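J.: Letter by letter, the chains look like this.
Number of protein chains: 4
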Amino acid sequence: MKNVCVLAYSGGLDTSAIIPWLIENYDIDVIAYCCNVGNLPPENELKERALKLGAREFIYEEAQDEFVNDFVYPMLRAGAKYLDDYLLGTAIARPLIAARVAAFAKSRQAKFIAHGATGKGNDHIRFERAWAYLCPDIKIIAPWKIWDYRSREELIKYLATVGMNWGAGNKAYSVDLNTFHRSCEGGDLEDIRHSYSEAEVLEWTSVDVKQTSTEVSLVIESGKIVQLDGKAMSPKSVVEELNKLGSKYGIGLCDIVEERINGIKSRGVYETPGGTIAHEALKALKQICWSRELYQLAQSMSREFGQLIYDGHWFSDHSSAVDGFFKSASKKLTGEVLLLIGPRSLRVLSRQSPFSLYRPEVASFESDQLDIHKAAMGYTKILTLSSLIQGQRAEAKV
Amino acid sequence: MKNVCVLAYSGGLDTSAIIPWLIENYDIDVIAYCCNVGNLPPENELKERALKLGAREFIYEEAQDEFVNDFVYPMLRAGAKYLDDYLLGTAIARPLIAARVAAFAKSRQAKFIAHGATGKGNDHIRFERAWAYLCPDIKIIAPWKIWDYRSREELIKYLATVGMNWGAGNKAYSVDLNTFHRSCEGGDLEDIRHSYSEAEVLEWTSVDVKQTSTEVSLVIESGKIVQLDGKAMSPKSVVEELNKLGSKYGIGLCDIVEERINGIKSRGVYETPGGTIAHEALKALKQICWSRELYQLAQSMSREFGQLIYDGHWFSDHSSAVDGFFKSASKKLTGEVLLLIGPRSLRVLSRQSPFSLYRPEVASFESDQLDIHKAAMGYTKILTLSSLIQGQRAEAKV
Amino acid sequence: MKNVCVLAYSGGLDTSAIIPWLIENYDIDVIAYCCNVGNLPPENELKERALKLGAREFIYEEAQDEFVNDFVYPMLRAGAKYLDDYLLGTAIARPLIAARVAAFAKSRQAKFIAHGATGKGNDHIRFERAWAYLCPDIKIIAPWKIWDYRSREELIKYLATVGMNWGAGNKAYSVDLNTFHRSCEGGDLEDIRHSYSEAEVLEWTSVDVKQTSTEVSLVIESGKIVQLDGKAMSPKSVVEELNKLGSKYGIGLCDIVEERINGIKSRGVYETPGGTIAHEALKALKQICWSRELYQLAQSMSREFGQLIYDGHWFSDHSSAVDGFFKSASKKLTGEVLLLIGPRSLRVLSRQSPFSLYRPEVASFESDQLDIHKAAMGYTKILTLSSLIQGQRAEAKV
Amino acid sequence: MKNVCVLAYSGGLDTSAIIPWLIENYDIDVIAYCCNVGNLPPENELKERALKLGAREFIYEEAQDEFVNDFVYPMLRAGAKYLDDYLLGTAIARPLIAARVAAFAKSRQAKFIAHGATGKGNDHIRFERAWAYLCPDIKIIAPWKIWDYRSREELIKYLATVGMNWGAGNKAYSVDLNTFHRSCEGGDLEDIRHSYSEAEVLEWTSVDVKQTSTEVSLVIESGKIVQLDGKAMSPKSVVEELNKLGSKYGIGLCDIVEERINGIKSRGVYETPGGTIAHEALKALKQICWSRELYQLAQSMSREFGQLIYDGHWFSDHSSAVDGFFKSASKKLTGEVLLLIGPRSLRVLSRQSPFSLYRPEVASFESDQLDIHKAAMGYTKILTLSSLIQGQRAEAKV
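Residue numbers (the numbering used here), protein chains in the order written: chain A, 1 to 398; chain B, 1 to 398; chain C, 1 to 398; chain D, 1 to 398.
Keep in mind that the hints were calculated from the coordinates and are not lab data.
There is no bait here: all hints are sound.
The list makes no distinction among identical chains, and a pair is therefore deemed to hold if it is satisfied within one copy or across any two copies.
Capping the alpha-carbon separation at 35 Å, the derived lysine-lysine pairs in DSBU-like fashion look like this: (1) K111 with K236; (2) K283 with K331; (3) K52 with K374; (4) K236 with K331; (5) K139 with K374; (6) K224 with K331; (7) K139 with K331.
Everything numeric in this text was worked out from a predicted model, so none of it was measured.
Chain A with its partners taken away, still in its complex shape (with noise of 0.2 Å):
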């Protein structure tokens, strides 16, 4: 029996000309695995494209409640972006594909694992990060690096040398898409000098935005989104009950220059409607529930994990730590949002918590019951000090 090649398989252009190239370069069985991050067409049409193409076996696993509940939630609660805009949708679908074929392809003793991302991009590093941590002694083949085919056309007209005819299929742009967001790069859109074309562009938004306006509660435990209007529902339900809503009102666009691992810039246009209203309910929440210093500390972190998950280091002591961080600051996290989602708008009404911090009558200038003001008088003349001792310095020897 040959050795044996796990490839990260997803039906498109690229992993199904991998199928072929693998077999004919090396001296290997190829196992299509697919792990459906929501991002795969039907399981079918992927089966038969794989084993047409010679794979030896095919393998399909449903993951998307692995997804919300065990990565997109860690990193909503930890309020990550990266660039101060991106919700890092791409980001967090690859360590979890990456463990998932890492654990298969050490089921079966596979020597290699394939895929199909570029030289270029940020997922080859992602996955190959991941890799080197999970299964340090498989052998990764990225065939990007090292083939010669250098375009769409040119895979195109490889797969018509092994019999399988691609279509014309003019791909516009580079697109991700899992259950939690989705991404289009590439095209005109490199042309930062311009904006797009929502039409052909968008997908998951409406073009034509609803013009009323609703509300939708979020109940919040621990730093996870556990009911909406009222009902528990699992992560995953949660993410989809928000896309369908933020998508309808147009809310979750972003359009950014990004910096990619490697230090090439590059433009990509995300939709990401409900992490969008998740990720502003859970700051309504912190802004009562969480000292402003504590909040203050959490800024830097979420930028940190944000960075952390763009670059792929899931999969690290120094991620785990981070986490760490927010799961203890997460502990009392916990109330209700109340949102009004308008057109290409989000407005809190309302937030509360049994851990909230903030208390009208303390903060009234209309009562004083703990005789604030006339404490002042103490407070600031020890708070100034130190800009008293500056001053009184800067007035004798400057």
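Fit chains B, C and D to the supplied structure of chain A, relying on the hints for placement.
T.: Then chains B, C and D, alone, in the frame of chain A:
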């Protein structure tokens, strides 16, 4: 001649009551000093009131240009916000007012400075920190920390005893206003279980936002907006024009539960239409002009600067050093950003810079002049080494 | 029966004077509560004095084990210091004492808690922060903020009036002491233009340090030192043994100008021999067990934790979250470090860990099993891309 | 005339072998360029060797003054270290050498630059990053990434084939040297289970350290040391004098397991006697001239700058911005520090500054001109408010 007390006068109820109260309680002459940052009623009206209440002298200085030039613009360049959302419109006016009052007080050899801020908010700390630094030898009188009045009603009654009829004037909210922003707090806003009435709370923002959309071009030089739609403008005019524009479209609303310097959480509603547009335009430019590492460090420094401004530390070596960072970082923050302003929404249409690091021919997946795909073989081999070593450790030992 | 006030009693001049003063000024019964963190004179002596001064009851609890286990060890694991130098020996004892006092006071339904810290230092803030959190309903009495006494002499005179002869006892310095450290401030230390007299200031540190050297081995498990020289030991014994060792060799002196929480700079001389050895050993292990990115994030978190401890925020969600970070980060901080202790110096002789990331065969320039030299061609090509793009921009445009 | 390749020449084995190898493998003229940062053998010797090996031209430039002035001093001002311990002596010389080479290469219209760093260390990345930025149009040749030689022995053999007898010369360690520091790695240092032989590894540090002690005074102006013991000195002389002094006393040894840019952990032994003294003196001054908040921010920025220098990002907007921060922060970092240098130890005897924020009369517990004790009542009442609110929440809800 008596000792002089310079009162930071705004013509409002608090500082009006303070004039006679100071005269009754101290053996001093009161000079009512006004410094207009876009917040004041007409000079005549102010003057008449101050003198009628017993001020020995009335001074009125225009400060809007300096305000936007020297305070708002460096803050915008730094991308400073407080707790992710608040653009610091109230906080940023305080150091300017404090500096003007201090300079004037010194010029008159005043022994005292008085202000009308209560002991529960932020402004008493901001003013007193600034004065401790700028004029450490002048004694500060903060009547709210001394007298026993505890409400607007009591102040109105007191004013009646000195012959001033303040009028019923039920003020629903505590309002702050300047060239850059408008804010409300107090009243029924203190109940965070409910949203606010746009009609009652907002003044700058149209309740019936425009339903069309419009484009606006901003030319930025070294982090300063210098042209709108091709027309060179002073900073003050830029902010005013952007405010007009944003107001029509309902841009720049913020409904936040913040935490005051003293640890009390409070709710504020802010209208910062122009600042919001400016912030987004600057961010769009940073994304193409700054490396991601610089961008990420700047995120931390923005937060730091935001807290320094919020906390009233504008005048300090600490703030100067952070400003030194942004001054340097912004040397090449030059270019043009075109925005689409629509109802409650904002979108970047294009961004360009002579210092742009965005290079579509490098980013594109459809070409590879630099032969990056193949270089990626060695690149990821080394880049993933540390994950590999972590992985081997994990396999071997855990 | 009268209301009860629990006094955090240490037997020193301040808390001794407070007993009769409380009885004179409030209609309460005073319970003198002692909690030994290694700082107290013999129980008998304390008890006799407290009762003689009028305390209704005297309580003495041993707390050294808990102190080192639950406070010192998590702090050491986190590598916390204040302003680069101070190992926080005074600060870390405060939350423990506060927690014991609070628990005892609650068990007796006490209405009041009193402490002997002055209004100028850090400890009054640390105690009062902790009690605000732990027993918000109990009122705190801080006599130093109330009475008019302003010196030791005045307190001694007052004690004489209640029949207690305190003795001349000229105390040159204000000393703090516990199982973990000893510190001095005040007296001639306040003149920072001069050093201090070792003979007069130091007690733990031999003035004639040993001139030989010795080795000590520390076994660490998940960030906790569990063995010294091959012998399993409790945390308290570890600290005591390391203190003995370090003291002989003059290890762990710190002469710092720190800044108190209230913004006042003050000078302190600290003796932390054992803590210094432990800190260095842990650092040596972190350098081989943590990736540099984790190490660098931990540097920021160490600083944050150091400030939280210094400022008296031990009991807070904020501290818990930072501790959550270090608990996770330290899971694999396990191994053995061998140190050479010589006169005033410390040197790592060896470090080993089952989780070590150090791999000499990878690091060596003399072998290259992984073929890294050649991979470096592609590696630096891509790694330097962003500098290249910056450079081309600079050439073209500036 | 052939294309020119400028080789960064040091006269060592690697760069010596590179001269004939370049000539054999490329159709180019080689210019051997030397830039002395305190690391080079005599010019004559270098010149003779380079020309004998076939270099068309030999260039020697003195760069020690610039090195200390423009690189070491800003780094010291910033307090930069790598992983807490390493004073960056190797890293800081790289950008200077790179800049000199780039400028020279441009002046000769060179098409190529070559260097002798291997593909496993840090220097190839530092050089290539700098050149990518400084001369993006010049192609870099890194023979270690191309040829098949893998050890010193092989290079010596190769040199014999071109008529150069290198001598047996068993070099136990890989040494780096410049005006600021000396380091060793490789050889038996790669076994971190053992310490090193001082006699074999150290050259700058006396094995028999002086047993007496001596004082040294440093006058600092805006973060730069300008006088030693009352004598004005150039930066280079300051570093040289401090090196002499520190060497005698065994100051400034560092035995670290660091992590290279490429993620490989490696062990280095560094001798930085003068830098260590300078670092401590600057720190002592910062403690009295900077507020604790500025000091703490500067700690983060020191770490950032340390990583930028280590990683070879000296030439970047990012580094410039961090340097801008420290330039501003150091404006008032002026004063005098007196140190006691003893065997392997360092102690601050006194520190003074016209900008000192240390005010003994404010700090002292024995006087209270500002009436701080009583003000502390109001101060802590408000300062502990947020803990109180957290505590009430905890009591009520958890």
